[in-house]
Structure formats: C-alpha cells, structure tokens
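Participant: Sequence:
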Amino acid sequence: MDAAWLVPAALGFGLLVGVGGAAAVVAAHARGQRAAAVVTPSVPDGVEEVIDALETAGIVLDSSNNVVSCSTAAVALGLVWNHTLVHQELVSLVDRVRSEGSAANEEMQLPRGPFGDAQVHLLVRAAPLGARFVLVLADDRTEAYRLEDVRRDFVANISHELKTPIGAIGLLAEALESAADEPDEVRRFAKRLTIEAERLRTLTHEIIELSRLQAADALEHAERVNVDSVVAQAVDANRVAAESHRITIVAQADATAVVWGDESMLVTAVHNLIANAIQYSPDGTRVGVGVARRDGAIEIAVTDQGVGIPESERDRVFERFFRVDSARSRQTGGTGLGLAIVKHVVQNHGGDVRVWSQQGRGSTFTIRLPEAAPAAAAPSRGAPS
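Numbering (my numbering), first residue to last: 1 to 385.
A couple of the hints might just be wrong.
As the list claims (entries may be wrong) - Derived pair list, reagent style EDC-like, types lysine to aspartate or glutamate, alpha-carbon separation capped at 16 Å:
1. Lys-191 <-> Glu-177
2. Lys-343 <-> Asp-315
3. Lys-191 <-> Glu-174
4. Lys-343 <-> Asp-262
5. Lys-343 <-> Glu-319
6. Lys-343 <-> Glu-299
Source of the hints: derived by calculation from the structure; they are not laboratory data. Small disclaimer: the values here were computed from a predicted structure and weren't measured.
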C-alpha cells in the first residue's frame, strides 16, 4: 500500500474502534440500568408523596408482589411486614387485579397482628398502577363496625328494659279496673303504678341523656366550672333519698378546684355516683364525697360502705344496663345506665373514671379531670385545657 494512504487508513480504523467501544460501553450501561430497575423498581413520580399523605393504608407492589412503598397506616394495621403483604387474602386480590387488568373492591376481616383475637374490618381497593405496579388502598372500618355492634346491642337492651315497666303498667291498669269497688286495692295498685311510671320516666330520660352525651359537639359551649359548686348541687339533689335511708352524706370540697367543661353534665355525673352509692349502701351508713388536686388533675371521689363489687364484675360496671345486683336495682328503680352516663361525661371532658371496691367493705369511684388553667390563660372555647 502507498505510504500516503497508510496514515489516513490507520486513523479511520482507530476511529471505528473507538466508536464501537464507546457504543458497547453505552449499551452495557443501559442494560445495567434496566437490570437495576428490575431489581429495585421505583414507583411513578408523585405516588409516594400521595401515599404519605393518606390517612388510609396505601401500598404499592411490583410485579413480584414485593412492597416498594407503603404508608404508616399499612404497617400499623399489620398489613405489611418485611416488604411483603402479611395476609393471603390481600395477595389473592392483587393477583386477581393483575390478571384481569381492572380495579376491584373487597371487604375483609383480618387479624390485627400475630397475637390475640383482635380483628380489623377493611374496605380494600386494588387497582393497576401503570404496567408493572398495583396500588392497594385499605380503609379501616373497624370503628364503624364496633359502633354498629354497640347500636344493635343498645337497641336490643332498650327493648328488653322497656318491656318490664310497660308490661307492669299494663297489668296494673287492668288490676285497677277489676278492683274499682275496693278502695284499698285501688290505692295499692295506684301506688305501684306510680312507681313503674317513674321508673319508665327515669329510663327514658337517661336514654336521651346518654344519646346527647355521645354527640360530637357535647362540649361546644364549655366554660370554667367550679368543682365545689358541682359537688354541692349533686349532694343537694340526693339529700332526700339519703335521709329516707338514714344515710349521711359527708362532702369535703375544694373552692379552688376548677375544670373546663359543662357544669350540668358534671353535676349529672357526680349525682349519679352519689345516687349509686346510696342505692347500694345499708341504712344508717355514710357516703363520702371528696375533692383533691393532684398532678394537674382534679379528682372527685365518692366512697360508700355498701356491698362492694365482685372483682370479676368491676370491668363491666360502666357498661349500659349492667347491674351488680339486678334484683336490688329493680326494686330501687335502677336503670343500669347511671354509670354509663358517668363514663361518657368524664370522657367528653378529657378525663377518666376508676373504681376501687372490696366486697363487704364498700366501693370508691374516682373521677379524674384536667385542671383548668388560670382564668387569664383559659381557652376561649371548646376543649379542656
């Protein structure tokens, strides 16, 4: 070959080799990126931000059902562990959505965790997210199911509780008619009729009161409340009943104790505790009402010298219509709603109520409420300080 062509040919060959090598490097880099994308897939832009903002549980899965992104709620509900779906029911739903290529909804009842019998009720929606991912959204409806169960039980209990006084009133009315010519019998039946009518009135009033307490805006018009005044009103309302059983009410209040809330509701709660103490105390005993300030809380304690509560039943005393001694409650006109009302009043005020009891020695019910801030720093409305 002519020496004049040798240098251009060498340059051309070197250029071809360089271009080919560069192309090979670029191709290898592209293959590496695709392989990395398969191993560590990334969700479409914006999806992770949306999932983080959701209050419901959100999960994004890749083609192998690996969890590539999930919300805190999904972990809290026990749906995701170690980047995988915990429940086979969810996996089956995702597989069906992926094979059909369309979204699907399903209601599920799943274990909340590996221990215990707690269940969560979920409305789950799964939908394709692009070509490779599936988005799962789970709305926790456990509380709605619980409230529905409570409502159903409440209606059933009301029906049962109302049957007794209504049936008694009907029978007494028939007895009055048949004893129209016997004045003594008429008076006896009329007295019993008055008792049953009062019991029915009390039951109806307490059902309405309990429904009102469960409203979301129960403390919409809250204000500073002097606990001394609450205790005084509750004691006065029970004084006649106490005197009829020769029971002495000893009250020790604190004029400086102030809480934030609704005075009439708090009076109702303390009244119910005192009435309950009188109802279950022997004649001639004492009922004590005390107020104390402790660690930023106001404590109102009502102590009796009554029959006490069995340990097995202490956790149930605040249930609707529950009675420690059903026969005694019916004789004294008890509805089984008084302590349930106390619990709701206290919870609405951001506090709690506790019970100590020993059979044969009496019981102590203690209401704990957040102490109100000084007047200058008190909130203008709404919740307790």
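Participant: Now tell me if each hint is right for this structure.
Facilitator: Verification of the hints:
no. : hint                : in the structure
1   : Lys-191 <-> Glu-177 : holds (14 Å)
2   : Lys-343 <-> Asp-315 : holds (12 Å)
3   : Lys-191 <-> Glu-174 : holds (14 Å)
4   : Lys-343 <-> Asp-262 : holds (15 Å)
5   : Lys-343 <-> Glu-319 : holds (9 Å)
6   : Lys-343 <-> Glu-299 : holds (14 Å)
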